[in-house]
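Same order as they appear, the protein sequences are chains A and B. The first sequence begins at 1 in our numbering and counts up one residue at a time. The second sequence begins at 1001 in our numbering and counts up one residue at a time.
Honestly, I wouldn't trust all of these hints.
Okay, derived cross-link-like pairs now, DSS-like style, lysine-lysine, Cα gap no bigger than 25 Å in a straight line [what the hints assert, rightly or not]:
#1 B:Lys1070 to A:Lys160
#2 A:Lys43 to A:Lys109
#3 A:Lys43 to B:Lys1036
#4 A:Lys160 to B:Lys1036
#5 B:Lys1070 to A:Lys109
Just so you know, these hints were derived from the structure itself, not from any lab.
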Amino acid sequence: MENVLLIFFSKELCILQIIANLDPNRHGHLFAYIMCSQFNTPKPIHLIIDTGSSNTTLLSDDVTRLSINCTILQSSPIPSLTASGTIIPFLLPGVQLLIEVRYGWFNQKRNFGVFHLASIHCMPPTHPQLMTQQRILHACSLLGMDVLRLFKKWQFTENKLILKT
Amino acid sequence: MTLVEIKKKTDSILDKNFQMKYRRLQEDFLWILTNKEKLRTEYSNKYIAVENKEVKCTDDTIDGIIAKIKRSKRQVEDFAIEYIGECPANLLF
């Protein structure tokens, strides 16, 4: 199976849109629900659209809030380069992101697109194999290029970012 | 997990109740985003838990706010939880 799959069923051929809200710095913010192997009921999550991130990544606050147990997760074989140095994230397997999509004539129809990701990155409270502090606090999680590459057209309006397949 | 299993799993969740909950929380997150400057004056350097566009509880740490919500016998998933910084910050990831 592919690393990221968008699962959406419709009787008509259509372009899908997701709409993010822009903050004063013009960053796109998206609200979604997340499901994974560690919990079966979907939990809400606030994501920032981040083309600088290769992978969709849960930062420390969300790892804590979602009660993700990092001790049973495998480490990523590839380190991540961040603005504050190299870190080794954990891999959370079998993740589904539920994001509202618009489609159909004039994009009037709404439904949920299921983005299935083979794994996403988790920033742990602190990785046990590292001496350096890895915890990234006070920031929302990142929707990375693994998902964003599915959207070919990006349109900025005054307060929205519209991503189209 | 196969595609059929993923579809079965998500179909059982995406009912009307889920959609209503999704909309409410989406509005709460948007409310925080658009009212951040106003919230900064009162809840600077704090985590806030918002429900129906109202700040229901605050704490200095994420663990603290989760503990407060659980003590009130509510579910963490019922609230939009965000950190309100002291001043607007630029992002560098």
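Outcome of the hint check:
Distance check on the hinted pair: Lys1070 of chain B and Lys160 of chain A sit about 35 Å apart at the alpha-carbon level, beyond 25 Å; violated. The suggested pairing of Lys43 of chain A with Lys109 of chain A holds, with an alpha-carbon distance near 24 Å, which does not exceed 25 Å. Proximity of Lys43 of chain A to Lys1036 of chain B is assessed by CA-CA distance (about 23 Å); at most 25 Å being required, the pair is judged to hold. Restraint check for Lys160 of chain A and Lys1036 of chain B: the C-alpha separation of about 17 Å stays at or below 25 Å, so the hint holds.
The straight-line distance between the Cα atoms of Lys1070 of chain B and Lys109 of chain A is roughly 37 Å, outside the 25 Å bound, and the hint therefore fails.
Hint compliance for this structure: hints 1, 5 are not met, and every other hint is.
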